[in-house]
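Number of protein chains: 2
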Amino acid sequence: MSAHKKSGEDAVIARLRRIVREPRGARVRAGIGDDCAAVRVGPRGRLLLLKADAVVEGRHFGKADSPRAVGWKAACRAVSDIAACGGRPAEVLVTCVVRSGQAGAWLAELYRGIEKAGREYGFHVVGGELARTRGPAVINVAMTGEVQEKHFARRGGGRPGDVLFVTGALGRSLASGWHLRFRPRHEEACWLVRRFRVRAMMDLSDGLAADLPRLAAASGTGFVLDPVAVPRRAGATLAQALGDGEDFELLFALAPADASRIEAAWRMRFPGVRLTRVGELAARGVRRGLGGARGFDHFAA
Amino acid sequence: MSAHKKSGEDAVIARLRRIVREPRGARVRAGIGDDCAAVRVGPRGRLLLLKADAVVEGRHFGKADSPRAVGWKAACRAVSDIAACGGRPAEVLVTCVVRSGQAGAWLAELYRGIEKAGREYGFHVVGGELARTRGPAVINVAMTGEVQEKHFARRGGGRPGDVLFVTGALGRSLASGWHLRFRPRHEEACWLVRRFRVRAMMDLSDGLAADLPRLAAASGTGFVLDPVAVPRRAGATLAQALGDGEDFELLFALAPADASRIEAAWRMRFPGVRLTRVGELAARGVRRGLGGARGFDHFAA
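Going down the list, the sequences are from chains A and B. Read in the working numbering, the first sequence has 133 at position 133, and its numbers run on one by one without any break. Read in the working numbering, the second sequence has 161 at position 161, and its numbers run on one by one without any break.
Below, a sample of chain A positions facing chain B; criterion: calculated Cβ distance under 8 Å:
{"#": "1", "residue": "L16"}
{"#": "2", "residue": "V97"}
{"#": "3", "residue": "V138"}
Here are the simulated distance ranges between beta carbons:
{"#": "4", "chain 1": "B", "residue 1": "A255", "chain 2": "A", "residue 2": "S66", "range": "48 to 58 Å"}
{"#": "5", "chain 1": "B", "residue 1": "A234", "chain 2": "A", "residue 2": "R17", "range": "34 to 44 Å"}
{"#": "6", "chain 1": "A", "residue 1": "G156", "chain 2": "B", "residue 2": "A26", "range": "28 to 38 Å"}
{"#": "7", "chain 1": "A", "residue 1": "T237", "chain 2": "B", "residue 2": "S100", "range": "22 to 32 Å"}
{"#": "8", "chain 1": "A", "residue 1": "A283", "chain 2": "B", "residue 2": "R194", "range": "53 to 63 Å"}
{"#": "9", "chain 1": "B", "residue 1": "R27", "chain 2": "A", "residue 2": "R269", "range": "23 to 33 Å"}
Simulated from the structure, these hints should not be mistaken for laboratory data. Every residue gets a Cβ at the ideal spot worked out from N, C-alpha and C, and that includes glycine.
With the hints as constraints, model all of the structure from the sequences given.
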């Protein structure tokens, strides 16, 4: 498949978007196509963020994985999306569709994992639903968050020449167990949107090869990636770093003037977390550096 | 199983509630145990309602059911919960975990069903996620809603002597196809909370035999049900009316003075919808009229 062609998943989403009617009025500030929806309901100048996300047994976790780790992951995936918008999580609703053997201790451990994330990132579980399935379990987390409107970060807003940064290291998330124990870049993102004018930001969930084209498309730009610069987790090949997905790192774009001053400030503030320049946004149509790499596609043909 | 014993599902929920820490402060007005969570984030005197709910293939819909009807049902279940709190729906996030054969036209039809409900009940789809499963599909709908705080209806708040009412007719929801085409009691609920002081309200999703004890428990009361009065769908036995579930009708309690004036007003306003007195709330510990009937229990032993 050419890197210029829409992935299966992006094509499905494009089709569904055409079915959904656009909200009118000023209430909905961001909807389909961003990491979170953003709604004006709170005090002036603040946005309510909304995110829903599911982990599926056999896809996002295995039968043998600790349910506490699964709960942590399910919650932290949503925290990562709220963070990518510059926000802080607030409330969570948990929908658990589980197999018969998972109704007791398994579910309690799952909730302990979610609660652990809640204490860490400041959200409260305020509701949920339980249902049974004969097939793989599905745990859905619906999360609200809050962000000042002036700090709200989106995928769009990048311009040609903006410098692209990635936090942490990419690839081998499943193989290394990172996908179950990652810490979403919550503090880092809150610091970023307060200190810098973040032109565009998203979290990396499907791999840089899938997600960078999405950020560029939302910004109406192209991109030039420097594949040699892409930070890899220990043992990861470039293809794995670009394509494995579930990195839950931040990808963001800064104007060149901001880019020149972030690195020193970042090292001071987050000495344990890598920050790497991986390329820049370019004129629309330019797509360089990905080669034939592809991200994770839920609906690849 | 004795009707006095907690059902499997209620026992699981009680266990999970003990794990979840209580939110502090005034932001969260209602949480676990009500039809929706309610949060103070908007203008003074208004509440944001939050609901998440899933339909599961093989449980809530069948492989042969029209995906458009499944979308309608998935959305309207949440509308019914928002309505039971006296609110109006606003935003929706849809999480679709589907099998390989459902990625194209099936998903588009599902979205058309959701959109149809959105046009009818005034919500907008503002985001969603897609994932694949090898097992039964799971469609999760996370919905926001709004209600004036003075109109917010909860399960608790009923008092001994309050009169219990049920809308519509109960039982045989699956057998009759009602569960796929029901219209949530949205207008009825909005009218109710504006015209009457609704002491307690919920929507009937697991059957009166499961849900009435929940409303009474939340209110700290008992109940006396008049089984002969329970409105049955055509062909439904009393056991079916009490136990089938998926009725999506309203169960609510009014003070006797309000109860005496609602019936004429209701007939005038909603001539096509039955409203039936089915009993009253009583002193704590009193539980009469259910016999051995049980509602639907996702986690029955």
